[in-house]
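Asker: Chain residues, written in single-letter form:
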Amino acid sequence: MGTLILNATTQTAAGSRVVMTESIKASTSAGAVSATDVRSAGITMAVEDVTLRYGEANGVLALDDVSLKVARNEFCVIVGPSGCGKSSLLYLAAGLNDATSGSIKVDGREVIEPGADRGMVFQSYTLFPWLTVRANIEYGPKRKGLPAEQRKRIVDQYLEEVGLAAFADHYPAQLSGGMKQRVAIARALANDPAVLLMDEPFGALDSQTRGTMQKLLLRVWERQQKTVLFVTHDIDEALVLGDRVLVMTARPGRIKAEIKVDIPRPRSMDVILEPEFIALKRRILGLLHDEIDEDH
Amino acid sequence: MAQRRTAWTRLTTPFANIPASTATSLALAMWVVVIGGWALLSYGRVVPNMFLPTPGTVLQTTYRMGLDGSLFYHTLTSAKVVLLGFIVSSVIAVPLGLWMGTYRAVQAPLEPLVNFIRYLPVTSFVPLFILWIGIGIEQRIAVIFFGTFFQQLVMISDCARGVSRDLVNASYTLGTKRSEAVWHVIFPAALPAILDTLRVTMGWAWTYLVVAELVAASSGLGYISLKAMRGFQVDVIFMAIAAIGLLGLITDTAFRLLRARVAPWAP
Chain L
1 MGTLILNATT QTAAGSRVVM TESIKASTSA GAVSATDVRS AGITMAVEDV TLRYGEANGV
61 LALDDVSLKV ARNEFCVIVG PSGCGKSSLL YLAAGLNDAT SGSIKVDGRE VIEPGADRGM
121 VFQSYTLFPW LTVRANIEYG PKRKGLPAEQ RKRIVDQYLE EVGLAAFADH YPAQLSGGMK
181 QRVAIARALA NDPAVLLMDE PFGALDSQTR GTMQKLLLRV WERQQKTVLF VTHDIDEALV
241 LGDRVLVMTA RPGRIKAEIK VDIPRPRSMD VILEPEFIAL KRRILGLLHD EIDEDH
Chain G
1 MAQRRTAWTR LTTPFANIPA STATSLALAM WVVVIGGWAL LSYGRVVPNM FLPTPGTVLQ
61 TTYRMGLDGS LFYHTLTSAK VVLLGFIVSS VIAVPLGLWM GTYRAVQAPL EPLVNFIRYL
121 PVTSFVPLFI LWIGIGIEQR IAVIFFGTFF QQLVMISDCA RGVSRDLVNA SYTLGTKRSE
181 AVWHVIFPAA LPAILDTLRV TMGWAWTYLV VAELVAASSG LGYISLKAMR GFQVDVIFMA
241 IAAIGLLGLI TDTAFRLLRA RVAPWAP
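Chains as they are written, first to last, in the numbering used here: chain L, 1 to 296; chain G, 1 to 267.
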């Protein structure tokens, strides 16, 4: 099961996780794991013993034997210091890079190249500047070959969802940073991916806009029922958003702890003042500080 | 803050905007200085009229050659040569340059060769072209092509290579296939830069015109100015040069308008 180090308070999560693993094993023994078996086990994404080394055999070890599972419709957050390999892990899951060893499965299918089933929102602004907001959101459905009226329905729905209906005919250059990322989220979701990968999508925004974006993302996620794997270095963000937070260490990147966030939903932005929240934050800070101390 | 700045501070601040009226006045002043200086030197006989014609003579010549249709005829021939050479070159250079910038496997064999060829002086190939192609319009078109194509190829390849990797990656996660990325992402993303490249190389194509009409031509602006040199008709040379400059200005403006039309999103 890899190198997941589980702490006392994550036992519940660990318990359910073991059950999941066993149900997969049971179906494996009966034959090959089909996509439906995995779905019924409730796992959308499974990262198994993934190692990533840049360059030759003695190159930098970016990820060291990382394993994790993301349940269906779960909001899973990876938090870690910059350079810990958390973004690298997302790029591997998206199929934009190849792991040195190990495998990543989404809906039971091994990731070998990028595909529309793994939508991604990047930290940098990646809207197509030559397309209007509407055409950007329509890009994925168009590649899929959906008929025009269905595309229009999808685009209108997501324009509404991210509150940018009035900006449908604007070009990305005419939008603020927060609006661009809202379009990027709408664009990724319009493709109805099995998992939405988010690589510090609000990292470049000012803190006020970031709060608004978090609220918007939670609202969209609660309504759309999507599986999300979200990467950030911001502990508040991780706890506000996630069902579960995986704490990652740097050089080599390993998952140090798994923390279940039992704060009820829907969560308001004031949740950061709750004692429950502060206790979890203290734990994660402790885990990350150990890390920094080891570095010195 | 801005209001308190004097006009002089604004003029001397790096990158600061100046009023449109000031910009136009400065542009006009420049032409007044150039033409005024020319008039002073020629009318004042500082330079003999044999070498520097007066603006009046040049205007007269232009009027005369405009009336008898010869100016139009030579301009048309030259424009045909330049535009055909430029279009043939661009039609090949744009797709090939896109490929070169996108695929290392295309770049690796082509780049060293292209970088070698593009430093060869076009003039040295004129005798070869005459030998191979003859003395028709094709030979002149070939000169323009040769002068433009290899520069275009390298520049357009750079335009493609400059496209953000994250843009291509994002398109993959939206279901774009690797084979589609060139057409769906790299080409539209590079389009404004490609149009800028075409505009700049169009200017270079005009500068090769005289070289193209140096030998074996019987019409064209370059041809008449070379012929005028033998007869000391400096006014004709001046007119031909001004005509080439004006044509360059027109094609330049056309490209600016085209860019604003097909890529309104680009700054």
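One should not assume that every hint holds.
One-sided excerpt, in silico: chain G residues whose CB lies under 7 Å from chain L [what the hints assert, rightly or not]: (1) L41; (2) G44; (3) W132; (4) D166; (5) L167; (6) N169; (7) A170; (8) Y172; (9) G175; (10) S179; (11) Q233.
It should be emphasised that the hints constitute simulated quantities derived from the structure, not laboratory data.
By construction, the Cβ of each residue, glycine as well, lies at the ideal position given by its N, Cα and C atoms.
Asker: So, for every hint listed, does it hold in this structure?
Answerer: Hints and how they fare:
no.: 1; hint: L41; result: 49 Å, violated
no.: 2; hint: G44; result: 53 Å, violated
no.: 3; hint: W132; result: 42 Å, violated
no.: 4; hint: D166; result: 5 Å, holds
no.: 5; hint: L167; result: 6 Å, holds
no.: 6; hint: N169; result: 5 Å, holds
no.: 7; hint: A170; result: 4 Å, holds
no.: 8; hint: Y172; result: 4 Å, holds
no.: 9; hint: G175; result: 3 Å, holds
no.: 10; hint: S179; result: 12 Å, violated
no.: 11; hint: Q233; result: 51 Å, violated
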